[in-house]
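Visitor: Kindly generate the complete structure, drawing on both the sequences and the hints.
Going by UniProt numbering, the sequence shown opens with residue 1, and the numbers climb by one from there.
Each statement offered as a hint is correct.
Simulated pairs of lysine-lysine, DSS-like, Cα-Cα distance not exceeding 25 Å:
no.: 1; residue 1: K907; residue 2: K932
no.: 2; residue 1: K942; residue 2: K855
no.: 3; residue 1: K942; residue 2: K896
no.: 4; residue 1: K555; residue 2: K600
no.: 5; residue 1: K358; residue 2: K591
no.: 6; residue 1: K774; residue 2: K645
Each pair of labels, with its calculated beta carbon distance range:
no.: 7; residue 1: R459; residue 2: R627; range: 44 to 52 Å
no.: 8; residue 1: I240; residue 2: I349; range: 25 to 33 Å
no.: 9; residue 1: A323; residue 2: R588; range: 32 to 40 Å
no.: 10; residue 1: S120; residue 2: I596; range: 24 to 32 Å
no.: 11; residue 1: V609; residue 2: R886; range: 36 to 44 Å
no.: 12; residue 1: D777; residue 2: M547; range: 37 to 45 Å
no.: 13; residue 1: G638; residue 2: R871; range: 36 to 44 Å
no.: 14; residue 1: I240; residue 2: R627; range: 46 to 54 Å
no.: 15; residue 1: R811; residue 2: S884; range: 20 to 28 Å
no.: 16; residue 1: N454; residue 2: E348; range: 48 to 56 Å
no.: 17; residue 1: R588; residue 2: N454; range: 44 to 52 Å
no.: 18; residue 1: S392; residue 2: T216; range: 42 to 50 Å
no.: 19; residue 1: D788; residue 2: E499; range: 40 to 48 Å
no.: 20; residue 1: Q115; residue 2: F652; range: 54 to 62 Å
Just so you know, the hints here were simulated from the structure itself, not pulled from any lab data.
All values reported here derive from a predicted model rather than from experimental measurement.
All C-beta atoms in this analysis are idealised placements derived from N, C-alpha and C, irrespective of residue type, glycine included.
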Amino acid sequence: MLNKYNPAEIEAKHYQRWQQAGYFQPNMDAEKPSFSIQLPPPNVTGTLHMGHAFNQTIMDGLTRYYRMQGRNTCWIPGTDHAGIATQIVVERQLSEQNISRHDLGRESFLEKVWQWKNLSGGTITEQMCRMGCSADWSREYFTMDNVRAEVVTEVFVRLFEQGLIYRGKRLVNWDPVLGTAVSDLEVESVEEQGSMWHIRYPLADDPSAGLIVATTRPETLLGDVAVAVHPEDERYASLIGKELLLPLTGRRIPVIADEYVEKDFGTGCVKITPAHDFNDYEVGKRHNTALVNVLDLQARILPQAEVFNFKGEAQENFALPKAYAGLDRFAARKQIVADLETQGLLVEIKPHTLMTPKGDRTGSVIEPMLTSQWFVAMSATPDSSVQAEPESEFKGMSLAQKAKHAVDSGAVKFIPENWVNTYNQWMNNIQDWCISRQLWWGHQIPAWYDEEGNCYVARSETEAQKLAQNTELTRDEDVLDTWFSSALVPFSTLGWPSETAELKAFLPSNVLVTGYEIIFFWVARMIMMTTHFTGKVPFKDVYIHGMVRDHEGKKMSKSEGNVIDPVDLIDGIDLENLLIKRTTGLRRPEKAPQVIEATKKLFPEGIPVFGTDALRFTMASYASLGRSINFDFKRAEGYRNFCNKLWNATNFVLMNTEDKDCGQDESLPLAYSFADQWIIGRLQQTEAAVAEAFDTYRFDLAAQTLYEFVWNDFCDWYIELAKVQIQGGCESTQRATRRTLVRVLEVILRLLHPIMPFITEELWQTIAPLANAKHTDSIMLANWPQADSEKIVPASFEKMAALQELIGAVRNLRGEMGIAPNVKAPLLVEGTVATELLQYLPSMTRLTEAKLVDKLPEGDDAPVAVCQNARLMLKVEIDKAAESARLTKEAEKLQKALDKLNAKLSKPGYTEKAPAHLVEKDKTELADLNDKMTKVQAQLTKLAS
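Guide: Spelled out as structure tokens, the structure:
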């Protein structure tokens with residue numbers, strides 16, 4: 001017999017054993033088909049959150065499923081160096097000592113970062129182990145390790161030599177606090193209440209007339225190069241081509257026509273500031289305007305405007321009004337608005353709701369900034385004269401074309417399919433990729449400059465010196481965007497540029513499991529880079545899962561107090577420690593009272609222990625294609641109960657099979673009952689359904705199928721029937737029953753293992769020997785069950801359905817008669833019922849006996865149930881007065897419910913105005929109540945006669 005189920009005890013024991021035995025590593029058998037999967041590398045600064053738990057349950061489930069199929073299986077884990085996030089963490093630690101990174105210098109600062117990484121960077125890896133992830137930790141990578149650094153450099157140099165990387169001056173997202181360009185993923189759009197300033201721009205040849213321009217950013221007025229109107233807007237047709245006087249500067253700017261302008265929005269006149277707005281940048285490019293930059297990198301007004309053309313070539317600068325020089329952009333806004341009002345050019349100010357772009361790390365307003373950056377050209381075709389591409393169907397295409405073709409051709413499939421539309425929409429409007437960041441932590445760009453500014457891209461400084469003919473060089477200080485090194489993961493982790501066995505076996509990987517938010521930032525770029533450098537796609541399938549939200553459907557946020565740490569669900573945590581954890585390190589400490597109240601409301605007594613298996617099964621049950629999930633603790637509690645149910649069922653099986661004949665000697669007779677045949681047949685159906693669910697990424701269906709089979713078919717039905725067979729059957733029947741119990745349970749454990757690894761390993765170690773199925777040291781290496789349709793006996797299903805109908809009829813009779821559960825009664829059966837069915841009724845429905853009679857007693861007050869070809873009667877002495885009183889009370893209760901529901905449905909306008917599904921629900925409930933009332937009244941009439 002097993003001890004009480006204790007998740008923590010078995011989880012620690014088995015994970016350590018699996019890892020030490022090397023079970024997570026691929027067998028590298030070239031004769032076997034491979035299954036490989038890449039972990040989307042979490043940030044090294046991060047800790048496990050519910051999204052990770054969801055994502056990793058799916059990945060590990062697939063890995064364990066295919067490993068059990070005997071494939072050469074490899075799940076490659078790793079972490080991302082997270083350039084911005086990591087630098088911020090270390091800089092904050094230094095600031096507590098009143099030290100800045102500039103005080104240390106670049107080299108010493110990077111030493112500090114590596115020290116932090118070595119001490120604190122493994123948290124998420126440890127948490128993945130707690131989740132039971134069977135990743136090959138011997139292959140764990142870090143996107144800043146030496147191997148990845150070499151690959152990053154090699155890729156950069158090759159792309160540069162092929163003309164696909166260039167340095168240019170373009171508009172980028174700029175965080176003035178961080179002092180770096182940032183990607184769209186690091187920008188949050190926040191709805192805010194702002195203002196719309198309406199400003200009059202006088203006509204140059206008639207200052208008394210002019211155009212009214214509406215703007216939310218008056219400080220950028222200093223960089224205007226034109227005012228645009230719609231070409232079909234009759235109000236301004238006569239002004240197109242004329243010049244305006246730019247307020248506060250007197251600079252002349254033209255009126256241009258462009259379809260970008262919405263005639264019906266604002267005044268229909270739009271100021272064009274291409275150096276400070278992405279949409280204006282495109283308008284300016286179409287009209288070949290100048291680019292006038294008026295802000296420095298700290299978002300302060302420059303003393304002199306910097307002017308460029310769209311080739312990035314410097315033009316003649318000009319002075320800006322001295323009154324604004326050096327002012328922060330928002331201080332300049334106030335001053336400019338005041339000056340416009342003084343000069344009579346401010347027409348009006350209207351309240352305006354707008355989406356403000358803010359840096360997700362700093363909260364500062366992101367500024368579109370014209371800066372010199374490194375870019376990857378998306379639409380240029382590679383020059384293969386220096387570095388040839390591998391032979392493949394992708395050869396000669398631009399990076400964007402490669403990424404598009406991979407999906408269009410079906411080489412890469414999105415699941416669900418609708419994400420293809422999202423992918424294509426971005427690909428069809430793709431811009432060159434800004435890959436440089438003004439940070440110290442990251443892969444430093446392998447480019448060097450001589451004193452004249454000539455650039456030399458090389459694999460090392462020595463190589464650059466040769467290119468520059470030994471001139472003194474200075475290395476580019478910028479580092480690469482984190483997504484650049486992440487984009488190389490499909491091949492940088494497999495030994496590229498060498499032709500390794502791993503590259504041959506595991507590229508392309510079978511599936512990428514990820515969220516929709518990084519389709520552009522990571523998925524598309526992995527496809528580009530992998531097809532370009534290897535001629536293969538990085539993965540065959542992209543499984544896009546939904547977002548995990550709280551029970552009310554809200555996005556999980558630390559400041560809202562609704563973030564859940566998966567490890568807390570595994571181990572449990574009391575309320576006091578939970579509150580400390582929730583409020584420690586809040587970005588906005590003033591939110592602490594709100595977080596505390598939200599936490600107390602959600603977890604009044606803290607979080608109970610769920611264990612890893614229950615959490616994983618919960619996640620699997622939510623994993624329907626593409627849908628976001630609202631995490632419900634009730635469901636997690638239900639699956640914790642499911643673990644207990646499985647544990648207790650195993651105890652029952654052990655109690656009835658240990659040290660007994662379980663039919664392993666097949667020379668001895670086995671008398672299988674229809675119940676045995678039925679559960680064996682249902683097992684075949686379950687095996688087929690679960691395999692199909694895993695093959696199609698429908699973890700929700702796999703979980704549902706397994707839950708229903710284990711709880712309903714095996715535990716609630718077969719085990720109860722097996723008790724009858726073991727207690728009253730002949731020796732060959734008992735032997736067949738015990739054999740069926742252990743063999744079905746053993747297969748159940750194998751089917752459950754990909755989702756619930758720990759409990760299944762623990763129970764399998766005990767059950768497998770009894771089932772003669774322990775051919776390996778771990779369930780994770782056991783064979784995946786294969787459905788055999790020949791084991792399905794249709795007649796057994798028919799008999800089982802008949803038995804279930806009989807049992808249901810008897811239970812209904814007991815309910816109608818109000819017979820207490822501890823009271824046994826004889827059952828009289830009139831008609832044709834198979835004797836083999838009757839033997840189960842006493843145990844299953846608490847009878848003294850189930851007896852066939854020629855005819856039921858006449859004039860008896862007991863109710864009669866009709867089932868199949870038989871009439872059933874429970875023969876018990878009825879206290880007519882007590883039964884009449886009980887039924888009368890039941891009738892009164894039903895009448896109250898009927899009156900309430902009838903009143904609701906008859907209320908004027910309810911059925912027309914209420915949602916149709918609610919009205920239908922009420923009508924169904926009314927019919928059900930009427931049916932119950934009819935039966936109760938019939939019983940009362942019978943008692944009264």
